[in-house]
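Undergrad: Using the sequences provided together with the hints, build the complete structure.
Number of protein chains: 2
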Amino acid sequence: MDVDKALIHSLLATASRAATMGNMQLYSVVETRTAEGKERLAPLHFNQPMVKGAAVVLTFIADFRRFTHWCDVSDADAGYDNFLSFTNAMTDCMLFCQNFCTLAEEAGLGTCFLGTTVYNPKGVIEALQLPRLTFPVATITVGWPDEDPAQTDRLDISAIIHEETYHDASDEEIKSMFAYKESLPENKHFVEVNGKTTLAQVFTDCRYTRKDNEAMSDGMLEALQQQGFLQCPPSTPTH
Amino acid sequence: MDVDKALIHSLLATASRAATMGNMQLYSVVETRTAEGKERLAPLHFNQPMVKGAAVVLTFIADFRRFTHWCDVSDADAGYDNFLSFTNAMTDCMLFCQNFCTLAEEAGLGTCFLGTTVYNPKGVIEALQLPRLTFPVATITVGWPDEDPAQTDRLDISAIIHEETYHDASDEEIKSMFAYKESLPENKHFVEVNGKTTLAQVFTDCRYTRKDNEAMSDGMLEALQQQGFLQCPPSTPTH
Chain A
0 MDVDKALIHS
10 LLATASRAAT
20 MGNMQLYSVV
30 ETRTAEGKER
40 LAPLHFNQPM
50 VKGAAVVLTF
60 IADFRRFTHW
70 CDVSDADAGY
80 DNFLSFTNAM
90 TDCMLFCQNF
100 CTLAEEAGLG
110 TCFLGTTVYN
120 PKGVIEALQL
130 PRLTFPVATI
140 TVGWPDEDPA
150 QTDRLDISAI
160 IHEETYHDAS
170 DEEIKSMFAY
180 KESLPENKHF
190 VEVNGKTTLA
200 QVFTDCRYTR
210 KDNEAMSDGM
220 LEALQQQGFL
230 QCPPSTPTH
Chain B
0 MDVDKALIHS
10 LLATASRAAT
20 MGNMQLYSVV
30 ETRTAEGKER
40 LAPLHFNQPM
50 VKGAAVVLTF
60 IADFRRFTHW
70 CDVSDADAGY
80 DNFLSFTNAM
90 TDCMLFCQNF
100 CTLAEEAGLG
110 TCFLGTTVYN
120 PKGVIEALQL
130 PRLTFPVATI
140 TVGWPDEDPA
150 QTDRLDISAI
160 IHEETYHDAS
170 DEEIKSMFAY
180 KESLPENKHF
190 VEVNGKTTLA
200 QVFTDCRYTR
210 KDNEAMSDGM
220 LEALQQQGFL
230 QCPPSTPTH
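Chains as they are written, first to last, in numbering that gives the first Met the number 0: chain A, 0 to 238; chain B, 0 to 238.
In case anyone wonders, no lab produced these hints; they're calculated from the structure.
Any given hint might turn out to be false.
[Claimed, not checked] To be clear about the criterion: a stretch of chain A counts as covered by chain B if any three or more of its residues have a C-beta under 8 Å from a C-beta of chain B, and this derived list gives those stretches: (1) 22 to 30; (2) 41 to 50; (3) 95 to 107; (4) 161 to 171; (5) 203 to 210.
Predicted model, so just to flag it, every value in this text is computed and none were measured.
Every residue, glycine too, gets a C-beta built ideally from N, C-alpha and C.
TA: If you want it as structure tokens, here you go:
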């Protein structure tokens, strides 16, 4: 079922009330509605079915280009081609993105956050024709939901909060924090079907492996350089 | 006026319903309530008065340490000491942070986002005793507001949204997008008191300069290496 364009734009306008550094609004959104557009994006997100299946795909872009362009036409020397500026733009963009998700769900829409956006940023940059000083950092698929799934588990908030300084947990405290997660039937099932002995191994050996993370780190740093946010290539790590 | 600790913890628990990569919850929060703690943080935020003046200061931490520690005690080889993993943790943390701000304001609290957290991360790391695989990415001051300020301006949402591919604006389009901002009396005043000819120059020459951005980029990359998220120092840029 279609999602009205005016509704999406209205939600994005309200979302732009999020905090933004110096009110520079260092973000853009590319709205993908055509079948061709979704087909270009789908493989970059490992063909997860929501990309082609959702009414709208929104790619959230950390964007220092618009502001830099304004400086360029205003006789001002913009110095935003560096890593701190990328970090500031990514921050602005994520606050805006989460605001949008909250507003969308409040309006009855369903959203799915695709973390795969930074796995192959060069592909997304090419597909969406993203110029220098822009970088894709998040993708949200949006549609009218036809299910109402149960909430997933979360750690007790005491595992997250530290009073005054960081409390480095003991081994026993860590085991206690994750005990509930490990006890869930669906997680025991994951361990079994993957032939592992612990749930953590499902993460380290199957879902988020060192080899993949290191290769994708290199790709992301190269893409940051390509887009003008890193002046020099980072030294090649010796894995 | 004090802000009840149970209220803050309850809001943080609800905020943790934000999307999180693989349900890894890659974030922590350090809650600063003591005068000594606020005094340690204040200079790191350029002595902006809200740090000492707010009831509570929350520093949001991109955190792969807790998850890595769980892997360590679970016979699993955690491969999260790399840049992609920092990016994932920063993303998780920002979604959680914005959710908290929305919930806090809904509860009648006032919040202020301090972007200065990444300006001197090494100082924050030392003040809060942040261990390897953690990194401070945002600071929120929280209190009961005694004022209700007017909303600041935002660009028209059409400047933010791109259909199907990125639309690289023309000079005229850029001028038109920023015309309203430039027309505001407070912004004309900024131009005048700073002795500039355009509003953009107030940003590039006074507020967010190339020199500061480049120095802080180096400091942030060094801090990322120190905390274990970059394996090798980035090549030194030749400014």
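Undergrad: Indicate, hint by hint, whether the structure satisfies it.
TA: Here is how each hint holds up against the structure:
no.: 1; hint: 22 to 30; verdict: holds (count 8)
no.: 2; hint: 41 to 50; verdict: violated (count 0)
no.: 3; hint: 95 to 107; verdict: holds (count 5)
no.: 4; hint: 161 to 171; verdict: holds (count 8)
no.: 5; hint: 203 to 210; verdict: holds (count 7)
The structure does not agree with numbered hint 2 stated previously, though it agrees with all others.
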